[in-house]
Amino acid sequence: MEPNPQDPLRDTNKDFREHSVAEFFKKNKHMLGFSGKTRSLTTIIHEYMTNSLDACDEHGILPNIRIEVTEIGEERYRVVVSDNGPGMPKSIIGKAIGKMLAGTKFHRYMQQRGQQGIGATGCTMYAQITTGKAVHVLSAHKGKAISCDVKVDLKTNEPIIENMAEQDASYSGLTVEAEFGEVKFDKGAYGVLEYVKRTAIANPHAQIELIAPGNEVYKFARSVDALPKRPKEVQPHPLGISTYDLQAMAHGAKEAKLSAFLTESFTRFSAQKVQELKGLTDIDFSKNPKELTWEEAEKLVNAIQKLKWIAPPLDSVIPIGKEQIEKSMKNVLEPEFVNVVERDIKIYSGGIPYAVEVGIAFGGKINEKKGEIYRYANRTPLMFDASGCAIIESVREIEWKRYGIDMETDPAVIFVNVSSVHIPYVGAGKQAISDIDEVKQEIKNAIMECARGIKMSLGRKRKAGDMEKRKTALMRYIKRLSEDLANLSEESSKAELEKKLTHIIETKYTANMDEEEEKPAEKSGGEENGNGEEE
Amino acid sequence: MATEKKSEKRNEDQKAYDNLVNLGKDMVSEVDRDTTPTFETSLRGKSNILFDSKDGYLKLGDKTETRKFMNLGQARTFMQTISIANKLKQFIREGLHTSIRGLYYQMKFSLGDDLDESLFEEQSESNVLVEDLEVAIGAKREDFHLTTDRKGVLAGNIKLIDRFGGEEITIDGTKQGRSGWMIPSDVDNGMEIESVKADYVLVVEKDALWQRLNEDRFWQKEKAILITPKGQSSRGTRRLIRKLADKGLPVYVFTDCDAWGWYIYWTLKTGSMNLAYLGKEFSIPNSRFIGVTMSDIDRYEFLQKLTINAKELDIKRAKEMMEYPWIAKHPEWVKELKKVLDTKKKIEQDALQGQRLTFVSEYVRDKIENNEVLP
Numbered sequence: 189m190e191p192n193p194q195d196p197l198r199d200t201n202k203d204f205r206e207h208s209v210a211e212f213f214k215k216n217k218h219m220l221g222f223s224g225k226t227r228s229l230t231t232i233i234h235e236y237m238t239n240s241l242d243a244c245d246e247h248g249i250l251p252n253i254r255i256e257v258t259e260i261g262e263e264r265y266r267v268v269v270s271d272n273g274p275g276m277p278k279s280i281i282g283k284a285i286g287k288m289l290a291g292t293k294f295h296r297y298m299q300q301r302g303q304q305g306i307g308a309t310g311c312t313m314y315a316q317i318t319t320g321k322a323v324h325v326l327s328a329h330k331g332k333a334i335s336c337d338v339k340v341d342l343k344t345n346e347p348i349i350e351n352m353a354e355q356d357a358s359y360s361g362l363t364v365e366a367e368f369g370e371v372k373f374d375k376g377a378y379g380v381l382e383y384v385k386r387t388a389i390a391n392p393h394a395q396i397e398l399i400a401p402g403n404e405v406y407k408f409a410r411s412v413d414a415l416p417k418r419p420k421e422v423q424p425h426p427l428g429i430s431t432y433d434l435q436a437m438a439h440g441a442k443e444a445k446l447s448a449f450l451t452e453s454f455t456r457f458s459a460q461k462v463q464e465l466k467g468l469t470d471i472d473f474s475k476n477p478k479e480l481t482w483e484e485a486e487k488l489v490n491a492i493q494k495l496k497w498i499a500p501p502l503d504s505v506i507p508i509g510k511e512q513i514e515k516s517m518k519n520v521l522e523p524e525f526v527n528v529v530e531r532d533i534k535i536y537s538g539g540i541p542y543a544v545e546v547g548i549a550f551g552g553k554i555n556e557k558k559g560e561i562y563r564y565a566n567r568t569p570l571m572f573d574a575s576g577c578a579i580i581e582s583v584r585e586i587e588w589k590r591y592g593i594d595m596e597t598d599p600a601v602i603f604v605n606v607s608s609v610h611i612p613y614v615g616a617g618k619q620a621i622s623d624i625d626e627v628k629q630e631i632k633n634a635i636m637e638c639a640r641g642i643k644m645s646l647g648r649k650r651k652a653g654d655m656e657k658r659k660t661a662l663m664r665y666i667k668r669l670s671e672d673l674a675n676l677s678e679e680s681s682k683a684e685l686e687k688k689l690t691h692i693i694e695t696k697y698t699a700n701m702d703e704e705e706e707k708p709a710e711k712s713g714g715e716e717n718g719n720g721e722e723e
Numbered sequence: 008m009a010t011e012k013k014s015e016k017r018n019e020d021q022k023a024y025d026n027l028v029n030l031g032k033d034m035v036s037e038v039d040r041d042t043t044p045t046f047e048t049s050l051r052g053k054s055n056i057l058f059d060s061k062d063g064y065l066k067l068g069d070k071t072e073t074r075k076f077m078n079l080g081q082a083r084t085f086m087q088t089i090s091i092a093n094k095l096k097q098f099i100r101e102g103l104h105t106s107i108r109g110l111y112y113q114m115k116f117s118l119g120d121d122l123d124e125s126l127f128e129e130q131s132e133s134n135v136l137v138e139d140l141e142v143a144i145g146a147k148r149e150d151f152h153l154t155t156d157r158k159g160v161l162a163g164n165i166k167l168i169d170r171f172g173g174e175e176i177t178i179d180g181t182k183q184g185r186s187g188w189m190i191p192s193d194v195d196n197g198m199e200i201e202s203v204k205a206d207y208v209l210v211v212e213k214d215a216l217w218q219r220l221n222e223d224r225f226w227q228k229e230k231a232i233l234i235t236p237k238g239q240s241s242r243g244t245r246r247l248i249r250k251l252a253d254k255g256l257p258v259y260v261f262t263d264c265d266a267w268g269w270y271i272y273w274t275l276k277t278g279s280m281n282l283a284y285l286g287k288e289f290s291i292p293n294s295r296f297i298g299v300t301m302s303d304i305d306r307y308e309f310l311q312k313l314t315i316n317a318k319e320l321d322i323k324r325a326k327e328m329m330e331y332p333w334i335a336k337h338p339e340w341v342k343e344l345k346k347v348l349d350t351k352k353k354i355e356q357d358a359l360q361g362q363r364l365t366f367v368s369e370y371v372r373d374k375i376e377n378n379e380v381l382p
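First to last, the protein sequences are chains A and B.
Sequential numbering from 189 applies to the first sequence in the numbering used here.
Sequential numbering from 8 applies to the second sequence in the numbering used here.
This is chain A alone, in the form it adopts within the complex:
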């Protein structure tokens, strides 16, 4: 929870009035996911899709999302994302699409997908900077369909809405259409297709359709018809708060005293705890929280880490669910077998609950010729910054040979989802889970538990394959043996022996095969015939 001096949001917050939004954006776009042409497009799709999924989930709608990416020039694409969500009322379209840091997610403490609150507006700005064009929005909400073009005023960070039109609508949903330059559609590991596919796996209740450039249609059908459980909105736990969050919350506080702000805003934060903190810091707890400085916030966060806290309520963590993951992995990847492990909710850093889910899919239609790792935080695929991620490190540390899987050559997908209100991300990019020992160990244990299941499936398969091979091998000798044995014994007939021997083979190699060691016949014979001895 160390404050990151490079935190773009911190910069933004402190300097918002001094610098233009455009300047800020240009300076920090790489940190917001707009770095590299492929990654930029993936980030755009991520922002729109995440918004759609969250909006649908919140309103109890099974999401149908349609994404269309059309190439309209060199490194220039049109993106259209539509959903069947609740749509947006006229009043918030501008804020949601055309004002930085005005998203609905910011300062809400519940487990949800994107938490930057920069998403859709970031895309609007990127469109503006690279093409000069506005984002076209069609929002059908409560019987009204509103269409308009949205831009961000790059000096004031205020939305500019043009061409507003309104008509009656008998449906709901949001369509966002925008043109982007300096982006590239890619089918590779960091591209849109891979991102959409991975999102579909972690959201089995969603139906997602991607129309890629060249009119290639990829449909990810809904795997389960039940909506995910809604996470409870909970007060933040003291241990999960970062310096920036604390300061931002304090500045928005209604309470007159810092001590009151703390006990009102956080769970498990009693007056007793405030007393304990007083002993640890020189901060004036009676000051107005709006005047909390960065340094004070930093001190407070450090002091908080030193205290013992009652864990927050565990029901703030909503994993995807074993069955759901299993269904969607089967549905999307069509593997030969799947094993999913849903671990109990655990606590890290002494107070933050989280849950790890691991699914391993093997064989079948999995094309990869090596083990692929699909990383997720709260159902959102982590596509970038893999090298520092605790998930990647856990996978690397496992001795895969013990589980009969060769990560270098076997077609396997390792799915790991970490769910928590406070995912311990590395940095502001939020693309990697930090290397906290207990979290890493838990991820590793989950993967190993899951791999054991795959090992058994592989073992069964290999055994079944072996048995089939043995059966076939024996069957090819049956005709000859039956004929010779019938003639030799002057009893029975070839046909009868063939029937009986087949029956014996079927019984032996279909049911429980005995574990008798199968060894070749000993080629007997004595010493080397060294002296030309005749036989």
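By construction, these hints were calculated from the structure, which means they are not laboratory data.
Hints may be right or wrong, so weigh each one.
[As the list claims (entries may be wrong)] Computed list of chain A residues with no C-beta within reach of chain B, every gap over 10 angstroms:
#, residue
1, G402
2, Q493
3, L502
4, N555
5, K632
6, L669
7, D672
8, N675
[What the hints assert, rightly or not] Listed next, with one range per pair, are the computed distances between beta-carbon atoms:
#, chain 1, residue 1, chain 2, residue 2, range
9, A, S681, B, K326, 54 to 64 angstroms
10, B, F116, A, H691, 44 to 54 angstroms
11, A, H691, B, G109, 52 to 62 angstroms
12, A, G653, B, K326, 48 to 58 angstroms
13, B, L103, A, T660, 30 to 40 angstroms
14, A, E511, B, R40, 42 to 52 angstroms
[Unchecked claim] Sample of chain A residues facing chain B (criterion: CB under 7 angstroms; computed from the structure):
#, residue
15, K515
16, K659
17, A661
18, L662
19, Y665
20, R668
Note that the structure is a prediction, hence the values are computed from the model and not measured.
Glycine included, every Cβ here is placed at the ideal spot set by N, Cα and C.
Since the structure of chain A is already known, use the hints to place chain B on it.
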């Protein structure tokens, strides 16, 4: 026609025939009991070869191996064994003979149009299975109508009846001229010793010496059956010598004075590790060794100039022989073998002709008369 042939079958091969059929019947009854057919045979590896000092020959121990058709590692071998058994049964029924190579060619065919696998790919596969069957059935391959190479030659006062090719002829060992009678591969089936008028059997390693003694009419003068195996004995020759021994004739063996020659004697006497499974019918435990011995070199002065240097292989073989318990228990032999190692010399039996050609006869006669033989 077939029944007529069948009725012609003699004792030994009738027994082998019945045993082959019974082998099949046992397997069919296993299949009827819903279990895998099995084939049991004695292990022929070194670990199961022992020297029976009471009986005086190498034999197989009690270790057996049971092969199962349902055991994948043994299935092919199992099928092959039964195919061979059935084929051998057919040879006996038809009264026809062939070699193990002929058998192999009879069995080398595809297991089916759709299968890229032949019943046999190599003759080595079928050879060992013939041995397996000999052991399992308690019969010799000759009883299965498998012929082996002939090599031995005989002369002497012996009459044999040979029923062959639908004809019955009498062989007179005294009327075989300079070439002698070539001993067939099978002296048990269709072959009978009608009469023997001899005091002993003399086995001479080398054909050249045999011809020398034959020219001297040694067999007539000495009342001997004169046999040369021409090196290591063929199965037929060994079996015939054994049958003569069974008739009470002492058997004397006369070879080169080197480890190889001596080993020819020992193979005749006790059998060999390779053929331990045949020991019971092929060994001649009572046979005695005339020479040539290392001691002869001391005794006959003229031989001392006729020795040749032992080769490395001779030395190696001599050392090996000293390790065999059935040889090592005879101090006389240990002494002889040690002399080879000490002097690194050897001498051929042909050297006995160095003084005069007829000395060979005298040498043999003296040795037997004075009982100067090695055990």
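Are A661 (chain A) and chain B close enough, Cβ to Cβ, to be under 7 angstroms, as the hint says? This hint holds: A661 (chain A) lies near chain B, its Cβ roughly 6 angstroms from the closest one there, short of 7 angstroms.
Any Cβ of chain B at or closer than 10 angstroms to K632 (chain A), or is the non-interface label fine? holds, 39 angstroms
Decide, holds or violated, for the assertion that all CB atoms of chain B are farther than 10 angstroms from the CB of N675 (chain A). Per Cβ check, N675 (chain A) is inside 10 angstroms of chain B; nearest 5 angstroms; violated.
Mind checking the hinted window 42 to 52 angstroms against the Cβ distance between E511 (chain A) and R40 (chain B)? holds, 49 angstroms
L669 (chain A) and chain B, when compared Cβ to Cβ, separated by more than 10 angstroms: Given that some Cβ of chain B is not farther than 10 angstroms from that of L669 (chain A), nearest at about 5 angstroms, it is violated.
C-beta pair F116 (chain B), H691 (chain A): status relative to the range 44 to 54 angstroms that was hinted: For F116 (chain B) and H691 (chain A) the Cβ distance comes to about 27 angstroms; the hint is violated.
Far enough from chain B: is every CB of that chain over 10 angstroms from the CB of N555 (chain A)? Non-interface label on N555 (chain A) holds, nearest chain B Cβ at 32 angstroms vs cutoff 10 angstroms.
Does the claim that G402 (chain A) lies outside the interface with chain B hold up, using a Cβ gap greater than 10 angstroms? Since the minimum Cβ distance to chain B is about 46 angstroms, G402 (chain A) lies beyond 10 angstroms and the statement holds.
Quick check on the hint: K515 (chain A) CB to chain B CB, less than 7 angstroms? With a minimum Cβ separation of about 39 angstroms from chain B (threshold 7 angstroms), the hint on K515 (chain A) is violated.
Status of the hint placing K659 (chain A) at chain B (closest C-beta pair under 7 angstroms): violated, 9 angstroms
Does the closest beta carbon of chain B sit nearer than 7 angstroms to the beta carbon of L662 (chain A)? Constraint on L662 (chain A) satisfied, holds at 5 angstroms.
Does the hinted range 52 to 62 angstroms hold for H691 (chain A) and G109 (chain B) at CB? violated, 37 angstroms
Checked against the numbered hints above, the structure violates hints 6, 7, 8, 10, 11, 15 and 16; every other hint is satisfied.
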